[in-house]
Amino acid sequence: MSKMTPYVYVLPCMLLLGIFVYIPLVANFYYSLFSFSALSPMKLFVGLQNFRTLFNDSVVGTALINNVWYCVISVAVQVFLALVIAALLEDRLLSRVSTVLRTTYFLPVLISMTVVALLFSFVYHPKIGLINAALKAFGMKNPPAWTGDPKTAIFSSIIMSQWHSTGYTTMLFIVTIQGISADLYEAAEIDGAGRLQRFFHITVPQVREMMFVTMVTTITGAFLVFNDVYILTQGGPGNASTTLAVYMYRNAFNLDKMGYASAIAVLMLIICMALALIQNKAFRSGKED
Amino acid sequence: MKKFALILAVVMCLSVCISAFADQVTVRFFHRWPNEPKLSYLNGLIAEFEAENPDIKIVTDQVLNDAYKEKIRVLVSTDDIPDVFMSWSGSFANNLVKSGRVQTWDDLLAADPAFRDSIVESQWPPFQIDGKQYGVPWSMDGKAFFYNKDVFAQLNLSVPTTLDELYAVCDALRAAGYEEPISAGFSAPWAVSHYLGTICQRVVDPETLARDYAGQGDFTDPGYIEALNIFKKLGEYMTKDPNSVDHEFARNAFIFGEAPMVYLQLGECKYLRDDVDFDYSFFNFPAVEGGKGDPGQLTGAPEGMMISNVASPEVQEAAVKFVKFVISQHGGYEMTKQTGELSCVKGALDETNLDAKQLEAVQLILNSTQPALWQDNVTDAAIADAFMAGGQLLLTGDKTAEDVMKDVQAAAASIQ
Numbered sequence: 103m104s105k106m107t108p109y110v111y112v113l114p115c116m117l118l119l120g121i122f123v124y125i126p127l128v129a130n131f132y133y134s135l136f137s138f139s140a141l142s143p144m145k146l147f148v149g150l151q152n153f154r155t156l157f158n159d160s161v162v163g164t165a166l167i168n169n170v171w172y173c174v175i176s177v178a179v180q181v182f183l184a185l186v187i188a189a190l191l192e193d194r195l196l197s198r199v200s201t202v203l204r205t206t207y208f209l210p211v212l213i214s215m216t217v218v219a220l221l222f223s224f225v226y227h228p229k230i231g232l233i234n235a236a237l238k239a240f241g242m243k244n245p246p247a248w249t250g251d252p253k254t255a256i257f258s259s260i261i262m263s264q265w266h267s268t269g270y271t272t273m274l275f276i277v278t279i280q281g282i283s284a285d286l287y288e289a290a291e292i293d294g295a296g297r298l299q300r301f302f303h304i305t306v307p308q309v310r311e312m313m314f315v316t317m318v319t320t321i322t323g324a325f326l327v328f329n330d331v332y333i334l335t336q337g338g339p340g341n342a343s344t345t346l347a348v349y350m351y352r353n354a355f356n357l358d359k360m361g362y363a364s365a366i367a368v369l370m371l372i373i374c375m376a377l378a379l380i381q382n383k384a385f386r387s388g389k390e391d
Numbered sequence: 030m031k032k033f034a035l036i037l038a039v040v041m042c043l044s045v046c047i048s049a050f051a052d053q054v055t056v057r058f059f060h061r062w063p064n065e066p067k068l069s070y071l072n073g074l075i076a077e078f079e080a081e082n083p084d085i086k087i088v089t090d091q092v093l094n095d096a097y098k099e100k101i102r103v104l105v106s107t108d109d110i111p112d113v114f115m116s117w118s119g120s121f122a123n124n125l126v127k128s129g130r131v132q133t134w135d136d137l138l139a140a141d142p143a144f145r146d147s148i149v150e151s152q153w154p155p156f157q158i159d160g161k162q163y164g165v166p167w168s169m170d171g172k173a174f175f176y177n178k179d180v181f182a183q184l185n186l187s188v189p190t191t192l193d194e195l196y197a198v199c200d201a202l203r204a205a206g207y208e209e210p211i212s213a214g215f216s217a218p219w220a221v222s223h224y225l226g227t228i229c230q231r232v233v234d235p236e237t238l239a240r241d242y243a244g245q246g247d248f249t250d251p252g253y254i255e256a257l258n259i260f261k262k263l264g265e266y267m268t269k270d271p272n273s274v275d276h277e278f279a280r281n282a283f284i285f286g287e288a289p290m291v292y293l294q295l296g297e298c299k300y301l302r303d304d305v306d307f308d309y310s311f312f313n314f315p316a317v318e319g320g321k322g323d324p325g326q327l328t329g330a331p332e333g334m335m336i337s338n339v340a341s342p343e344v345q346e347a348a349v350k351f352v353k354f355v356i357s358q359h360g361g362y363e364m365t366k367q368t369g370e371l372s373c374v375k376g377a378l379d380e381t382n383l384d385a386k387q388l389e390a391v392q393l394i395l396n397s398t399q400p401a402l403w404q405d406n407v408t409d410a411a412i413a414d415a416f417m418a419g420g421q422l423l424l425t426g427d428k429t430a431e432d433v434m435k436d437v438q439a440a441a442a443s444i445q
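Order-wise, the sequence lines are chains A and B. Its first residue numbered 103, the first sequence is counted upward by one per residue in the numbering used here. Its first residue numbered 30, the second sequence is counted upward by one per residue in the numbering used here.
Just so you know, the hints here were simulated from the structure itself, not pulled from any lab data. Fair warning: this is a prediction, and the values are worked out from it, not measured in the lab. Worth double-checking, as some hints may not be accurate.
Calculated lysine-lysine pairs in the DSSO-like style (CA-CA distance at most 27 Å, straight line) [unchecked claim]:
(1) B:K269 to A:K238
(2) A:K253 to B:K435
(3) B:K299 to B:K366
(4) A:K243 to B:K435
(5) A:K253 to B:K261
Reference listing, derived: stretches of chain B covered by chain A, where coverage requires no fewer than 3 residues with Cβ under 8 Å from a Cβ of chain A [stated by the list, open to error]:
(6) 208-221
(7) 313-327
(8) 407-416
Think of the CB as a built atom: it goes at the ideal place given N, C-alpha and C, for glycine as much as any other residue.
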C-alpha cells in the first residue's frame, strides 16, 4: 500500500466538502465586504460597512435575543428534560408502558417541520385554535394572540420546536443509557443508593459524551433556526419573532441585500463556532477522567 | 435508381421546408402563466395567431410568479432577453426598464391611435416611466371594501363616502352586535401594505408621495403620521389580533357572514361566487377629510406586456403584431371568459363573460380616476418592508405612528 492510498480514499469526501462547504464559507466572508443584489452585474466594495450596519441594526439585536431564548429553552428541554425522560422510561417502574411512551415521544420527529408549523398555526389560531378554545372554556376572557402578539410570537415557535424535537434527543439518551453496564447500577443498589443518587452518580456521568453531542447540536440548531419561525410567523408581527437566519433570508431574497445577508451569515458562523469551542473545552470531550 | 429518386424527393422536401422556415419570423414569448386555465387560454390564442399569420412562429417559455420575477430580471439584463414578455407595473417595470433593453411604445402608439384608444385610459400611466410608455396594460385589478348588502339594508346603513361615515357605519354595526365589523388578516404583511398604500395615497400630497416612494424624499410629511393613525383607528374595528389571522381566513369570515365588511381585491370575486348566500357589493376606500390625494383613485395595478428593443426589426414588428393580437377585444374577451382575469380592453367585457358582480367590479375600476399602485410594488422593498412591519406593530400598540415613520425614514436613508 503506497503512502498515498489513504489520501485517495478521503479525496471524494474532501472534494465534496470543499466545493459545497468550505469554498462557500470563504466566499461568504468575501461577499460580506460588498454591497450587491442578486442581479446586479457588479459588486460595490464597501469594506466593513455591512458589519457597522449590523452592529447598529436593532433588528439584529431582537433576532439575537430570540435566538438566545431559543437556545436556553431548547437546552433545558431537549438536553436536561430529555435526559430525565429517558432515565424515567428506562426505569423498572415504567417498563410496561415504556415502549408505547418511547414511540409516542418519538413520533413528532418523523413529521416534517413544515407540516408541524402549519399544524401549529391552527393550534395557535385565535379564532379556531385548540389552545384558545381550551383557555376560553376555562373562563379566560382575553386569551393571548400567540403568533400575532410580539410578546408571545417567538415563544409560540419555541414551544412548537420543543414538541417536535425532544423525542429525538430522548431517543439518543435512551440508547446511551441502555449501553451503561447493569453492574454499575447493581453495585450502587447494594451500596444502598436510591433512584436519585443512581441518576446523578451513574447515569449522568455515563451519558456525558451524549450530553455533549446533543448540546452542540441543540445550541447550533437554536442559532440557525429558520423553518419553524419562517413558516409559523414569517418573523412577525413586525420583526418581533425574527431570528438571525430568518433575517438573513429576508435581507438576501426579499430586500435583495446580498452583501448584508452575507455579513449576517458571518455573524452566525462566528457565534456557532465560539459556542462549539466553549463546549468542547467545558466537556473535555473525548478524554477519559 | 429508386434510391436516388427517394433521396432527391427528401432533399426537395427539406429545401422547401427550410425555405418556408427561412421566411418565418420566430418571436420568443416569456410569460408567467404555466398553470391552468391560463396556459390553455394563451396556447389557444397563440395557435389562432399563428394560423392568421403563417409567417410568424411564437415560441413560448413559462414559469410561475416568483420564479418568473427572478428569471425575467436576469434575462432582461442580458442579450438573451425574450422578444415579448409580461411585467407588473410600478417598481417592477421600472427595474426592467433600467436595463435599457425595453422598447418604448410612444412612436408605435402615435402611429396607431386606434390601438391606444382601445384600452381603458386609466391603465396606461402605470407603465409610464420618465414620461415614456414602456408597456401595454393587459389586465386590471382594484382593491375595495366588500360589504354585506343584506346587513346594510337591515340596519338602514348607506355606503360611506367619507372616512367619518365609515367610522359611523362601523359603530352602527358594532351596536347591532357585529363586534368586529371589518374582517382582516395581517399574518402575511402585504395585506397591511394594501391598507397603508391606499390611506397614504388619500392623505399625503401626491407629489411628495411620488418623490418619497421613488427614494428621493425623506418621508417627513406629517401626512404619513396621520395616515398611520387612521389605520390604527380602523384597526379597532377589525378582527381582534389580526396579525395571527391570515387573509384567506379573513375573507372566509366575510363569506360566512361573521363580519359584514372586508377589504379585498376585485379579482377575489371568484372566491365568493359559490359560497356567499347573501347579496354583497363593494365600494372604494372612502375619502379622507382634508386629505391631499385624489379620493377617486382606486388602489390596484394593471399587468402588461413589454417588448425588447434588441431584437431585429422584423422580429420587433412581429412582436408588436402579437401584442396587439393578445390585447385585442377578442383576446381580452377570451381571457376574462376563460381565466377570470379582467381585461383592460374596452368592450372586451360584457355579461356573456362576466357575472353580475364582476361587471360591477369592472364598473368600479372604470369609474375610478386612475389606479394607485400597490405600495409594496411602487417603492423600494426596504421602505415597503418598514411600512408593513411597522403597521403590524402599530395595531398591537407596540409602536406609535411616529416610531413607524422613524423606521421608514431610516429605510429611505439606507437606500439613497
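| said: For a quick check of understanding: which of the numbered hints are violated here, in increasing order? | reply: Checked against the structure, the hints that fail are numbers 4, 7, while the rest are satisfied.
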